[in-house]
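Undergrad: Residues per chain are reported as follows:
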Amino acid sequence: MSNKKLSKNDLLKAIEQLEKNPSDRGKILGEIGIAGVGAVGAGAVAAIAGASIAPIPVITALTGIGVTVAAPVALVASAAVVGGAAAYGVAKFVSNSAMHETRRKELQDRLKIRLCSLEEEENKTTLTTENKNAFIVFLKNPLAQGLITTEQAQQLIELVELGQVSLEEAYKLLYDIISEDREVSSEITS
Amino acid sequence: MTTSLPSQGQANLQLLLWNKSAESTSNDDLYIRIQRLELPQEIVSQLHDLTAKIKEISGKSIRIGKIILIQLLDFVEENLFLVAGIGAGVLIGSAIFSLMVSVPFIGPFLAPLAKVIGITITAAGAILGHELDKKLPTIGKSLREVADTFFKFFSQVLMVLLSEKQDIQTLPAS
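Quick mapping for you: the protein sequence lines, in order, are chains P and F.
Here our numbering is used: the first residue of the first sequence is -10, the next is one more, and so on.
Here our numbering is used: the first residue of the second sequence is 24, the next is one more, and so on.
Keep in mind that the hints were calculated from the coordinates and are not lab data.
Don't take each hint at face value.
Chain P regions said to be covered by chain F (calculated; three or more residues, Cβ under 8 Å) [as the list claims (entries may be wrong)]:
1) 144 to 156
2) 163 to 169
Far from chain F by the CB rule (all over 10 Å, computed), these chain P residues [what the hints assert, rightly or not]:
3) LYS(-6)
4) GLY15
5) ASN130
Sample of chain P residues with no beta-carbon within 12 Å of chain F, all distances over it, derived [to be verified]:
6) SER(-4)
7) ASN(-2)
8) LYS2
9) GLY19
10) ASP98
11) ARG99
12) LYS121
13) PHE124
14) PHE127
Please read these numbers as outputs of a predicted model, since none were measured by experiment.
Yeah, the Cβ is synthetic: ideal placement off N, Cα and C, and Gly gets one too.
Just chain P, same shape as in the assembly:
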């Protein structure tokens, strides 16, 4: 997976752009680092052919001296192959109580309707640009409300784009997260 490091605002803006101009999806997805199958293949080839790994520029904890080494293209490419794995430790989830109950209910209902219609359509249609766009736009609210991280949203978009995760599975995962959030919130308020 080749996710460009984005801020939450960057991704939300990109999703809004896609919502307004679905025809620009190639450009918009490219800007957020999701270029599709071709780019991933190129990354893998570069990594296999790549030079030795250079240390990442950092300030050492022991000496306090910054060790800056220019990252070669191969390093960047191999990092792309590994995916957005670098920020495991920094994912943060916003407090459940921050989300308004009615808004959550609305989000959950919309998701339920979409899941039902997807199940119906599954046998007769393949993945279309329209329903892929609809999925990306749907991510806006869970992302804005901190239910998923920017990195998770990016990776999900990419996996759906590549056809490695079905829309149905992706929606179900989101549905579970939103439903769970409601349960916790109900427990707190009751």
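Based on these hints, arrange chain F on the given structure of chain P.
TA: Using the frame of chain P, we list chain F on its own:
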């Protein structure tokens, strides 16, 4: 109240993302990354063996060994500067120590590797890092803290998914 602990759904999502990332990473790529660390051959061999380990979590087959290996390699590559002149083996040792302490179910997967590196698991289940402490008497502890921080989210996700499994197993039949 703000909590950093992922929910069940969030943990499931994250595991799916890690698993997909593991599936799309070739074993050859990982082997090249391992070779670059210039580790003793027996550690290389144990690390590479991880790529074949699969575990069922939440009803799905998860390439847990490969996921752990990618995490280990990310950790070592990010922190190699910490042990300049000592070697990547010490970093791997601190990572394994951290993972085995925080996620008990990982123990069986990592036991052969831990043995080669010199981490001792006592009969009572306690984990002792004798070799690590011998090699790094002064910075061994801080290195383990670096590892704990790096693997915190990873450990939390696995623990959330594991606790769900345990709950199901301990529920009464009625």
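Undergrad: Indicate, hint by hint, whether the structure satisfies it.
TA: The hints, checked one at a time:
no.: 1; hint: 144 to 156; in the structure: holds (count 5)
no.: 2; hint: 163 to 169; in the structure: holds (count 6)
no.: 3; hint: LYS(-6); in the structure: holds (14 Å)
no.: 4; hint: GLY15; in the structure: holds (22 Å)
no.: 5; hint: ASN130; in the structure: holds (15 Å)
no.: 6; hint: SER(-4); in the structure: holds (19 Å)
no.: 7; hint: ASN(-2); in the structure: holds (20 Å)
no.: 8; hint: LYS2; in the structure: holds (23 Å)
no.: 9; hint: GLY19; in the structure: holds (20 Å)
no.: 10; hint: ASP98; in the structure: holds (17 Å)
no.: 11; hint: ARG99; in the structure: holds (17 Å)
no.: 12; hint: LYS121; in the structure: holds (17 Å)
no.: 13; hint: PHE124; in the structure: holds (14 Å)
no.: 14; hint: PHE127; in the structure: holds (14 Å)
The structure meets every hint from the earlier list without exception.
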